[in-house]
Amino acid sequence: MSFVKKSVSTEPIVDTVFAIVRKAKEDVAKNGADVVTDATIGSLYDEQGQLVALDTCFSSLKALDNRVLAKYASAFTGNPDFCKDVYDWVLNGNSTLPHEVIATPGGTGAVDMTISECLDAGQTVILPEIAWGSYKLMAGMNSLNVENYALFDGDAFNIKDLERACKAVMAKQDKLVIVINDPCQNPTGYSMTIDEWKQVVALLNTCAKTHEVVLLNDIAYIDFAYGQEKSKEYFKVFDDIDENVAVVVSFSLSKSMTAYGMRCGAAIVMTKNEDNLRDMKNVFEKDARATWSNINNGAMAMFVDVLENHKEEYNAERRKYVALLKERSDIFIQEAAEVGLKHYPYREGFFVTLSMDNDVRDAFHEALMKNHIYTVKVNKGIRVAVCSLSVAKTKGLAKKMKDILDQVA
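Start counting the sequence shown at 174; every next residue gets the next number (the numbering used here).
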């Protein structure tokens with residue numbers, strides 16, 4: 174007997190991040206910050222070990238009238254100026270597709286909205302096998318099955334296995350929903366090339382000859398891509414999608430404006446078919462009204478004010494931290510190569526993920542914690558959050574980890 178729906182597991186959620194964060198904090202309290210290396214949570218920290226909260230963004234927020242912060246947004250789909258500025262900021266002139274923008278509580282809201290409203294219970298969503306764990310959790314909560322595709326073929330995106338996964342799902346249902354987290358993939362730090370994106374669009378167009386296709390492009394970390402504006406040029410490729418393909422871009426203020434707890438983002442829906450675009454907009458709007466009703470008005474107003482009145486200052490401040498992130502990741506990647514510490518292909522972003530099978534991963538993770546090094550377990554690897562490590566903590570870390578791994582493997 175149970176008071177919840179039978180289609181959802183009642184097993185406790187496996188907390189792979191915050192439980193380890195707590196352990197790291199307990200270790201710091203006992204042994205001191207100098208002893209502990211905390212490479213767990215995916216938020217940006219400065220060189221003094223403090224959470225980065227961009228002054229440009231939060232000065233703007235604090236300058237808003239209290240009534241702006243307190244009131245409801247003007248529409249449950251988001252304030253019109255916010256939706257316009259999100260589209261302009263994200264696409265940066267790189268697409269001409271018809272589109273709609275719906276504000277969401279963080280990028281998570283956009284991801285869940287797409288998964289829950291584009292597939293019926295019992296159908297299958299296609300996810301990368303190494304990915305943010307909440308994708309799979311969302312699928313389960315919506316009574317969906319999961320088909321995984323291998324993320325890499327050597328050092329490149331595995332287009333062949335994505336094709337295999339698509340064919341497997343096409344054999345049993347009339348629609349595809351595919352999740353690709355790019356650029357700065359969580360947890361590997363991989364970013365696809367424009368040629369790889371062209372291969373993806375070609376595959377989607379082939380599938381669209383017989384099936385409806387929805388691509389969910391999660392871009393949570395895009396504003397910390399090392400190429401900056403050039404990293405958005407791949408959006409041009411989406412203009413070549415078939416009429417039977419829709420793209421939903423999931424945008425988050427969490428990373429872009431270091432506003433993690435303010436829970437604000439957007440779903441940008443793009444497709445050539447105006448009727449299908451209208452249908453998606455209508456359904457997404459009803460989902461928004463039924464699920465969260467309204468979005469953080471202060472966060473939307475801050476975003477608009479920063480982009481319209483303080484854009485140069487914001488870009489300069491953010492790019493300073495992009496450079497710091499690159500300095501840290503360069504150190505770790507170079508030192509990992511020197512000591513032979515294997516990791517998945519890394520291009521940019523908050524995380525580097527060491528590659529290994531899950532049995533070795535589990536033993537290695539425990540051994541790391543015994544040596545005061547805290548990381549996050551992911552499928553087939555260990556995630557190292559270089560975003561939260563100072564340059565000093567990053568130096569020498571790869572060798573420490575390799576020495577511990579050699580004792581375990």
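A portion of the hints provided could be inaccurate.
With a Cα cut of at most 27 Å, we get these calculated DSS-like pairs of lysine-lysine [claimed, not checked]:
| id | residue 1 | residue 2 |
| --- | --- | --- |
| 1 | Lys459 | Lys244 |
| 2 | Lys575 | Lys493 |
| 3 | Lys198 | Lys575 |
| 4 | Lys550 | Lys515 |
| 5 | Lys459 | Lys198 |
| 6 | Lys543 | Lys575 |
| 7 | Lys198 | Lys244 |
| 8 | Lys543 | Lys573 |
| 9 | Lys459 | Lys499 |
| 10 | Lys553 | Lys309 |
| 11 | Lys459 | Lys179 |
DEER-style ranges, computed between Cβ atoms [unchecked claim]:
| id | residue 1 | residue 2 | range |
| --- | --- | --- | --- |
| 12 | Thr183 | Val241 | 39 to 45 Å |
| 13 | Arg195 | Ser466 | 30 to 36 Å |
| 14 | Asp347 | Lys515 | 38 to 44 Å |
| 15 | Arg462 | Lys543 | 45 to 51 Å |
| 16 | Ala565 | Lys459 | 47 to 53 Å |
Because the hints were derived from the structure by calculation, they are not lab data. Since we're looking at a predicted model, the values are computed, not measured. Glycine residues also receive a C-beta, built at the ideal position from the N, C-alpha and C atoms.
Hint check results:
| no. | hint | in the structure |
| --- | --- | --- |
| 1 | Lys459 - Lys244 | holds, 21 Å |
| 2 | Lys575 - Lys493 | violated, 30 Å |
| 3 | Lys198 - Lys575 | holds, 24 Å |
| 4 | Lys550 - Lys515 | holds, 15 Å |
| 5 | Lys459 - Lys198 | violated, 41 Å |
| 6 | Lys543 - Lys575 | holds, 15 Å |
| 7 | Lys198 - Lys244 | violated, 36 Å |
| 8 | Lys543 - Lys573 | holds, 12 Å |
| 9 | Lys459 - Lys499 | violated, 41 Å |
| 10 | Lys553 - Lys309 | holds, 15 Å |
| 11 | Lys459 - Lys179 | holds, 25 Å |
| 12 | Thr183 - Val241: 39 to 45 Å | holds, 42 Å |
| 13 | Arg195 - Ser466: 30 to 36 Å | holds, 32 Å |
| 14 | Asp347 - Lys515: 38 to 44 Å | holds, 41 Å |
| 15 | Arg462 - Lys543: 45 to 51 Å | holds, 50 Å |
| 16 | Ala565 - Lys459: 47 to 53 Å | holds, 51 Å |
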